[in-house]
Amino acid sequence: MPITPMEVYKLLPKTNCKKCGEQTCMSFAFKLINREKKLEDCTPLFEEKKYAGQLEDLKRLLQPLEEATETGLIVDEELCSGCGNCVVVCPVHASEDPKGMGSGFGPTIDDPILRIEDGVVKVVEMMKCRRYGKNRILCVACRENCPSDAIRFLEG
Amino acid sequence: MPTCTGCSCLCPDIVIKDSKVFNACRKGSSIFRHCREKRAEPMISGKKVDFGRALEKASEIISSSEKLAIYGLDTIPLEAQGVAIKLAERKKAYIDDNSSFCLGDFVEMILKGILPTTTLDEVRSNAYVIFYWGTDPYNSLSRHLSLYTYYPRAGKRQRGYEEDRYLVVVDVRKSHTAKLAKKNAKFIKVDSDEDLIEGFISTMDGKAGKYYEETGRIIKKMQRGKFNVIFGGLGLKYGLNGNYEKFVEMVKRMNELTQVYFIPAGFHANMRGFNELMFEKTGFVNRYSFEFRKSAPKYEFSELVRSDSIDVALIIGSDPVNSLPFDVVQKLRKKRLVLIDPKFSLTSKIAEVVIPSAITGIDQGGTMVRSDGVKMKIDPLWEAEWNDESILKELLEEVR
Ligand code: SF4
Ligand code: SF4
Ligand code: SF4
Ligand code: SF4
Chain F
1 MPITPMEVYK LLPKTNCKKC GEQTCMSFAF KLINREKKLE DCTPLFEEKK
51 YAGQLEDLKR LLQPLEEATE TGLIVDEELC SGCGNCVVVC PVHASEDPKG
101 MGSGFGPTID DPILRIEDGV VKVVEMMKCR RYGKNRILCV ACRENCPSDA
151 IRFLEG
Chain Y
1 MPTCTGCSCL CPDIVIKDSK VFNACRKGSS IFRHCREKRA EPMISGKKVD
51 FGRALEKASE IISSSEKLAI YGLDTIPLEA QGVAIKLAER KKAYIDDNSS
101 FCLGDFVEMI LKGILPTTTL DEVRSNAYVI FYWGTDPYNS LSRHLSLYTY
151 YPRAGKRQRG YEEDRYLVVV DVRKSHTAKL AKKNAKFIKV DSDEDLIEGF
201 ISTMDGKAGK YYEETGRIIK KMQRGKFNVI FGGLGLKYGL NGNYEKFVEM
251 VKRMNELTQV YFIPAGFHAN MRGFNELMFE KTGFVNRYSF EFRKSAPKYE
301 FSELVRSDSI DVALIIGSDP VNSLPFDVVQ KLRKKRLVLI DPKFSLTSKI
351 AEVVIPSAIT GIDQGGTMVR SDGVKMKIDP LWEAEWNDES ILKELLEEVR
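Listed in order, the protein sequences are those of chains F and Y. Numbered continuously in my numbering, the first sequence closes out at residue 156. Numbered continuously in my numbering, the second sequence closes out at residue 400.
Simulated from the structure, these hints should not be mistaken for lab results. Owing to the predicted nature of the structure, the values given are computational and were not obtained by experimental measurement. Each hint can be trusted.
Heads up, simulated DSBU-like pairs for lysine-lysine below, C-alpha to C-alpha not over 35 Å straight-line: (1) F:Lys99 / Y:Lys20; (2) Y:Lys186 / F:Lys122; (3) Y:Lys156 / F:Lys99; (4) F:Lys128 / Y:Lys183; (5) Y:Lys183 / F:Lys122.
Label-pair ranges, simulated between beta-carbon atoms: (6) F:Ile109 / Y:Glu37: 28 to 36 Å; (7) F:Ile109 / Y:Phe326: 46 to 54 Å; (8) Y:Arg159 / F:Gln63: 35 to 43 Å; (9) F:Leu61 / Y:Tyr238: 41 to 49 Å; (10) Y:Lys349 / F:Ile109: 42 to 50 Å; (11) F:Gln63 / Y:Asp205: 58 to 66 Å; (12) F:Glu48 / Y:Lys20: 44 to 52 Å; (13) Y:Phe326 / F:Leu79: 26 to 34 Å; (14) Y:Arg33 / F:Glu56: 34 to 42 Å; (15) F:Gln63 / Y:Gly155: 44 to 52 Å; (16) Y:Gly242 / F:Thr4: 52 to 60 Å.
Computed far set for chain F versus chain Y, every beta-carbon distance over 12 Å: (17) Thr4; (18) Lys14; (19) Thr24; (20) Lys38.
For every residue, glycine included, the Cβ atom is placed at its ideal position computed from N, Cα and C.
For reference, chain Y alone in the conformation it holds in the complex (with noise of 0.2 Å):
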């Protein structure tokens, strides 16, 4: 059955049948949909040529540089990473992709054994109280709670939302999720995460702090429920503003009643395979220079490009100059970029070289990494002549 790779929930269930997308969200769908439009051509300074030579020029370019920075990389399957961090320590190139503005922190906290995490599946057989702190998934990872969390009767939870399940929003706003919480559930519209975090352990040492009808509720519910899960977003990545010990301790406390797991809300396709590759090669996720071999904030895409660090990018199946600031974006076109990707984009238009790759999960195969760290493989509708992982390979071949 094919999968759909418009986030990191890679739901496995997609059917196609004249002509027809069944099954996948909005966005998913018009991956399918619109797979034949505007695909890229190679070109070589916004003129058509051919492939081959658009690939000796990328490898001519990479020779060249002398401070090169590899950035993208969540859309593309773990082979084809694995050939981009090569390349990178060979250049002794800076490379990062987009969890350093997204969820890496989360991920490494995870890899490292920071915070307990569990799968998706397990979630759907088991989970109770499910909370989601500053995510709103129904509008970028549209089938998280109906494939996975909330809705579905499996395992343990057969009864259905309304009496096996316990759902917690947490949010600055009203979210579309917010909503949902209605019988059974719990949104709690926080100003500051921290004041919540706070109320929680406050609850936890038999005190009444902030919120403390709520955080007194929601834990004898996590009590009955012996099996519960966080799923973090944005929002709480930002509202702790990188201070992330008092929700560690939190979720430690709360083991130590009851069992509370965590797992980031979603990303990009593909984002936690390149974290994990990076951090089973160099121990960091993403930001990473070869050269000095550490990870820093400077090391971060953006910031290379704003203190003109860099003298060449290679941008893999990613579109910055739609993504990033525009302050960036104004030094980035000063910068040489060899662009792969399989689509006309914005980035395209101001690339030196254009190489055009495939769509995993359409034209190109491999594995992919779920939001909760499960690999998934990935098999094509059809392949193309190229791909992610060959275009690479042959780059790593040729660059010195």
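Bound conformation, chain F alone (with noise of 0.2 Å):
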């Protein structure tokens, strides 16, 4: 399941102090699993013993950031079979590589964003995908296409 502001939000001290860096609680969740700001900038939590519970529920909450790529791609390589259907239709490999990947091959490039290794599937240049950088869409078509769930975003 993707983690939502809400649920972090909830976990936050919600008093708006803007020691963050923030105007707002709301907004620290939103950059948090952005990974726009890190846990430690919300520095009331770890300096109020009040907040040594929540503090502790947001960690275990935000663990899979830990595990996930730059742009929020998590793959579960237990899941993967290798099918290839997220590799190919990649728009990203179909426009940089139409005769390989495109065409349902394995790449001809050297920098897929994915690619199959060993059966399952990897995160080779994460810097390419869509999701990725100041001009980013909400591209799902990798996640879409994956019929046993073995790959999510963290932001859903």
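Mind docking these for me? Both chains are given alone in their own frames, and the hints should help you get the complex.
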């Protein structure tokens, strides 16, 4: 399940003290999930004893963020059968490697976003993913076409 | 480029670099990664012997056999299958492979021209409506959709699956493949395949039968697409229970309106190769008796074992102890078994003679026939000293 800003917000101090550099706890929650902020930036959480329980819960909740790539893409190799659907549907692959991945085959370029390695999907060059960078868009093609839910995105 | 022989997709784009396997699916990559493990050794009655001794013993047993069956054969190249068929002919033996309980019926209908067919390359470039009927390729033929059918952008289908393809999945349950039927696609959950077939026929007759909403929409899509394909699997075979007439009629009727082809979904790497060689030689695809010169259900390998119709079984590239029903295995233990196989297996534990062979695409090359009937030349990564073809040729020389 993706992490929602609301879930994060509920565990923050909710004082809107702005110490994190954000106007509100809610906007801090958003940026946490997008990894533009770190939990440590909310200093009250760490300094005030009364938040200790919430802090533990938050750390647990945000654990998948540590495992995810910078685009928020998480792959679960255990679930993956190496079917290659994600590799072939990716619009970036289709435009950069039309004769290879775009046509169904393995990559003929050195830096695909995803490729199948030893039978399971591996993230190779996540910077090329359309979900990354300033002009990012909410592409979900790889996840939508994974039959075993081996691909997830943090923000849903 | 190495070819994977993990299934009848025979994926031709495998890359091996820095001891990693690229592009093969989980099942296929494990063949490459574990190719040196659990390799069989020459054995007689569970004791390791030298290769020549095992070969000699095998030809003794086969020579003395009165009622021999040759079985397996689906993972070895055409060249070796051809020698095995010659051996069966010489011994007036029975010969059978997995296709009797797999998709041999469909291959036979195609070879007889009862169902129109095409190739996977044509499907990649042209197909619009793509049916998966009674098959879930995700687990057993993992790259089928991504390499050949629904996902590639190629030929006339450059705009990808969302606009240029229409997926239809027919199954009794929501399979992995059925989960992919989202936008511009349809999953039809059936209780009876026949009902759906009749539904399609009714729609084409202009009547509203069962599933009329689905069948109406799909027929329109097929007319728009001009090139459509049905991949049929085991679910369809068992759903129809041997009565293919209605299905054949449906495909024929569809072809009066548009073009529809049929391809068996898939199976062991070279099952179709065996079926084609047998068909060329005998007019039948499997479960054949060279003594009675005909094919019959009672000549299916399991049935031969059950009915004690054989004394010796020569098993090639298969592990029946693992794959056949328990009662058959119990009886099989009492037969004299000669096994030719590259790996240790449950069958190798009970075989009287084990002759180690090679793995196609790893240490033996040859020709295999893809699920659509296209012959693929398979190069080995290196050559083993003995391979299925040379072992079988040696037996053919020695056996009387
Ligand atoms: S520092 Fe913490 S409590 Fe203060 S506004 Fe930011 S998130 Fe809210
Ligand atoms: S999110 Fe889109 S661009 Fe990114 S890897 Fe998946 S399919 Fe490719
Ligand atoms: S689509 Fe899913 S199962 Fe298939 S290769 Fe990609 S992650 Fe693995
Ligand atoms: S789909 Fe079949 S042939 Fe292709 S890599 Fe997987 S097991 Fe090998």
